[in-house]
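Novice: One-letter residues, chain by chain:
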Amino acid sequence: MNNPQLNKHGELQHLLSTEGLPAPILRGILNRAASFMNLAEGRDIKKLPLLHGKSIFNLFFENSTRTRTTFEIAAKRLSADVVNLNIGSSSASKGETLLDTVDNLCAMHADMFVVRHSQSGAAHLIAKHVAPEIHVINAGDGRHAHPTQALLDMFTIRHYKKEFHNLRVAIVGDILHSRVARSQIHALTTLGVPEVRVIAPKTLLPSCVDKLGVQVYHDMAKGLRDVDVVMMLRLQNERMQDAVLPSAQEYFKYYGLTQEKLVLAKTDAIVMHPGPMNRGVEIDSSVADGTQSAILPQVTFGIAVRMAVMSTLAGVG
Amino acid sequence: MKIQIKNGHLIDPKNQIDSLCDLFIVAGKVAAVGSAPAGFVAQQVIDATGLVVAPGLIDLAARLREPGYEYKATLESEMDAAVAGGITTLACPPDTDPPLDEPGLVEMLKYRARALNKARVYPVGALTYGLKGAELTEMAELADAGCIAFSQADAALTDTRVLMRAMQYAATFGFSVWLRPQDSFLARDGVAHDGEVATRLGLPAIPVCAETIALSTMLQLARETGVRLHICRISSAEGVALVRAAKQQGLTLTCDVSANHVHLSEMDIGFFDANCYLVPPLRSQRDRDALHAGLLDGSIDAICSDHTPVDEDAKQLPFAEAEAGATGLELLLPLVLKWARQSRRALADGLAKITLQPARILGLDAGHLSVGAAADVCVFDPEVYWKVEPVALKSQGKNTPFSGMELQGRVRYTLVDGQLVYQSKANQ
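Sequences listed follow chains C and H, in order.
First residue of the first sequence? That's 44 in our numbering, and the numbers climb one at a time after it.
First residue of the second sequence? That's 14 in our numbering, and the numbers climb one at a time after it.
Because the hints were derived from the structure by calculation, they are not lab data.
A quick note: this is a predicted structure, and the numbers were derived from the prediction, not measured.
These stretches of chain C come out as covered by chain H in the derived footprint (C-beta under 8 Å, 3 or more residues):
| no. | segment |
| --- | --- |
| 1 | 139–152 |
| 2 | 163–169 |
| 3 | 181–189 |
| 4 | 248–260 |
Ideal Cβ placement from N, Cα and C applies to all residues, glycine included.
Work the whole structure out from these sequences, hints included.
Specialist: This is how it looks when you write it as structure tokens:
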């Protein structure tokens, strides 16, 4: 099957998922992000002219503050023109279809789309539809994928742990509904992490999760033992209404990350979270704000990683 | 009109004919097989050299989209597609708009179909009003109007007491009840098989137990009520096992599978190919293997096209928002031939699944070429390869998972009541 993310030369054409991307492409993005880090971290920001004259459309069919903002900052630091569209409040509510919206924006000479949509596969649909000179970045589609989040997570892990091949990583929480978890799993296994664990009650795990190359734990105490990285996931409140979980309190007791549970991991383990956090539901404040937390650096790294993705797609720099 | 179809390889599963012999048609009926009846002078000769002459095909599930969904397909377009696919008799499910729950609607549909003078259309009536699963339809009236069986199509019937009453009432008159087993709670919001692909793609999933739980209920109620039950479009290995066991226990039961499910699995969804968004969902390769085994041992009696024309726009959407279904009338024959070849079965065994067996399920004296039978005939080239090109399909529905694939076997002539209703161009 053709990988819709790669062009015929094996270069990145769209970033839709971390699944099926060769490790050199993932590493290339991380390396490039590292080179942008000074720029992203520096107070005395100078823009890079890499995407000068390019139009990037942030196409958000689903609300997001953090992801959209970091994409916008990343694009602006590359000197691109950025247009933000919150489609939830315009075309879609007027009955325009997804592809009609995209066609209209293409007619406005878009060079790149950053797409978030509530349906799995939306970014693939757009990527298949647009002209070959237009690039699509998936900023989250349904439960399927959130590749830039996974890449910034890989960047964070590499920043603290240097290597991937000697790590034990645990992903904790709502794997079933999480595009972040799926993208993390593919990125981790592609980059050579030998042991990826998922920890969740059975109601929050997809049926064939083991086929993704992970070890499944239902007991957090066992799952966290000796891990190097703990990646927490956000729990949506509506899971309680859907008969998936009895209560936030019980969830926190058995699957929330507390200092008591974190001591089971290696002493130098880092804690990550894609945000926004539910303090007291999936993570205790003392952990979120503690010395092992890498949650805020993740956000900073996110800008450099998104710059790296955009410039890689544009084939510049 | 006297027609001779000569030099063809005649395959008639019912009469166990599988040899080179001529077919003679007089006044719309089969007059003789083999040698001409006394005094026969053909007014029309169809040279079937190198071709197979078979009974016209019978499709148990073809949505014609009338009334209500004429923007997806019309009777004209779909009847053309049917005869181009060699199908001379078809049953259409009641999920039109409004559903086929009133005798007037059924009469109108039959009348419109008859006027087109193509395939024979047998509507399957709604089992409950509006397919809402609450009140019984006037089944006897609907049968008088032309309904051949009663069904919920893909609509849920969650109230088991209503289901039991519907079966009892249908059994009173000897009507058969056709049901597709799916528990609506377990299937809620699901769009793909609960397996590897749905896990990977993050698609809301439908577990196999949605099929088996509903199927167990149906089988139990069929035992209780004595109704003639037909299970539509089985999809899972466990489902096939339940049907097999029920048949072994002596339950009067028939079962069909869609031609799509005979050949495809969840893997074909690839990167969200909405053409593979089907109802029931494409399941695992293991399930597909079990469907093959079920066809071979007779647990599954028939193969249907599950023809569901969908307008183009409804497929140009993210997978879960797209409309389920695929066009199928023109692909049924080659897909069945493909199954027979893959299973190392004779052509006749494949053809039985789309002639003799569906006729038995419908309770019709059709699907065979006995002397005196209506001359519904499908003449096809079993060897020729052709590429499925959506624009070339006669059906208004262009969406199919087989788009671009090379299939073997193509219809050359279709006759209904001894009238040539379809003839392919020589180079096709």
